[in-house]
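Undergrad: Got chain A sorted already, so can you dock chain B onto it with the hints?
Taken in sequence, the protein lines are chains A and B. Going letter by letter, the first sequence gives residues 0 to 308 in numbering that gives the first Met the number 0. Going letter by letter, the second sequence gives residues 0 to 299 in numbering that gives the first Met the number 0.
Don't read these hints as lab results, they were simulated from the structure. Errors might be hidden in some of the hints.
[Said to hold, decoys possible] Below 35 Å or equal to it, Euclidean Cα-Cα: the simulated DSBU-like pairs (lysine-lysine) are: (1) A:Lys286 <-> B:Lys210; (2) B:Lys50 <-> A:Lys158; (3) B:Lys210 <-> B:Lys50; (4) B:Lys141 <-> A:Lys158; (5) A:Lys70 <-> A:Lys295; (6) A:Lys52 <-> B:Lys141.
None of these values were measured; they are calculated from a predicted model.
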Amino acid sequence: MEARFGRRELFRRGAIASAALAIGGRTARAEGGDRVALVKLQGVKDDLDAAVKKLLSPLGGMQSFVRKGDKVLLKPNMGFATPPERRATTSPGLVAAVARLALGCGAARVLIADHPMRKPEACLRLNGIQAAVSGLDNVHVLLPMAATLFVSREIPQGKSLRRVQIFKDALEVDVHIALPVAKSHMAAGFSGGVKGMMGLILDRESLHSRCDLNQAIADLGTVLKAQLSILDGLSIMATDGPAGPGELIERNTLVAGTDSVAVDALGVELAPLYRRRIKARQIKHLKAAAAMGVGKLALPAAKVRTLSM
Amino acid sequence: MRSCPLCVLCVIAAALCAPAALAGPPAVIDLLPAGTARAGPAGEPEHFVGKKLFDYMDGGAEVFLAYGFEDLAVRQYRCKCPGGQELSVAIYTMGGPVDAYGIWSINARGKPVVGLGGPAVLARNMLSFFKGRYYVRVICQKPSEKADEVMRGLAQATAARIEGQSELPAELGLLPAGAVDGSARYLPNAECARTLWFDGEGDVLLSRGGKAFSATYTAGDSDLQCTRAVYPSAADALAACRALAAKLGLEPAGDAGACSAAGKTPDDAFAALRAEGSVLRWAGGAGDAQTAAAWLSKIE
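Here chain A stands alone, though its shape is the one from the complex:
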């Protein structure tokens, strides 16, 4: 990993590590007609580089999204100071595999960003993502916390959330790839890529305490969209999310797509959450996001592929 900032400098800028995108950025490249827009890959074991290549193949490969010289944002879950085995955070191996693939397509810089709950040093030490990308040049892990690193943006379609402060660097990237881990969430029911956009804003607490959380997540989705979403369903924290510890269910599955809502919808049904078979339409923020046109809860069969390793 290239040392873009010294450790002290990172803290001076607000705290260790990160980046992101949203309003702006390049539009999705794998849409229209009957082009495949959603892929589920089962039987994923150790070789995550091969798995990600296979997963993205029906979508046109990573080269459909990343071009030479691009600045790429990866937005995993990495804001909890918990070890990867807890599954509150995205698999470090998956993040590294996606970063390598983006670099292989000519990305000039890869930013890996998430706003941490607290204790950014502990997050970096425990969740394993920084260590996993430590050998990669031009890859920067950032955990922004300082208000000066965020800019205020209006949400024109917002019903519950009408203005939000977004991580500045996120507005400057060419490609935004969401890399959420699928997990239970005691307040939102499920946490995936759509909910994960809260990791790119400054004040998350107000979404919980001063907004209708589910509607606010959907509102945020109208201005913060990833061109590609890759959902980590390798092992799912099925209870007591988002931080856990909770019950873990092995699924060895990855889901990718150009529609974050559809990716999450598939993720909801990968495993029972809270010991119940829940449908995507029962997750209020996904239902609200679909109603606002952020994405679709289900795609036509022609746009969906299921693969196995």
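TA: Below, chain B without anything else, positioned relative to chain A:
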């Protein structure tokens, strides 16, 4: 130096009040153990009050607040063993003993642990128990038999600093026997029921001041849910029954002063419910109508 009569009076008053203050309940931060033979502190205690809980856990704080969360004391410890893995002890002050049970009951499936002065379970890398109005979680980063022992030690050291004993709420005895281990829940409001019902049934059930106990049962191939809710008045129970029946797509039967309903629900399962006095009983998720009725009759 001149002496101020008012100041002297204040000093005397403060001195007289001091013993009363000292005799009050200990601050939650004082309940954290200094350490054990196998684990020593690794950092200073942290304290979160009210909505500042969002700073500690973000999503998930809502449900703690719904159980009357007041404050949290948390501290990191380090195992005095090779590798020295970190553990944490978190003590949550809840609204009252039944609220402490309620928040504990959300994640109460695991191996029972005795000797902590209250119901306790160990599951994966967390040992949790409640005692009095306190909910306690001891968490290790990587589960192992050795880590279990260190967690037990920290839990015992914590429990020893909390006075009294705790038992499961007596109301659980009004639900049918044979519930799936760790499935019983206390639901004082709709926010607490978010992870139990996903189509807004909890909002309807727990409107009008209802407070419920609920548990899961295995009946054939079905996971059946038996719920007993108590309302401030019979009129509230009646209204909640009718609203819940409507939510489930059922036609309530009975005259103006009664409510019962049964039949197939939108999730292709069967349910039966009935309001009597200030109590609403509900058996849902059954494989057929007879099973739903039979389980409804088992709810006292």
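Undergrad: State for each hint whether it applies.
TA: Results for each hint:
no.	hint	verdict
1	A:Lys286 <-> B:Lys210	28 Å, holds
2	B:Lys50 <-> A:Lys158	23 Å, holds
3	B:Lys210 <-> B:Lys50	23 Å, holds
4	B:Lys141 <-> A:Lys158	42 Å, violated
5	A:Lys70 <-> A:Lys295	28 Å, holds
6	A:Lys52 <-> B:Lys141	31 Å, holds
Violated hint for the displayed structure: number 4, the only one.
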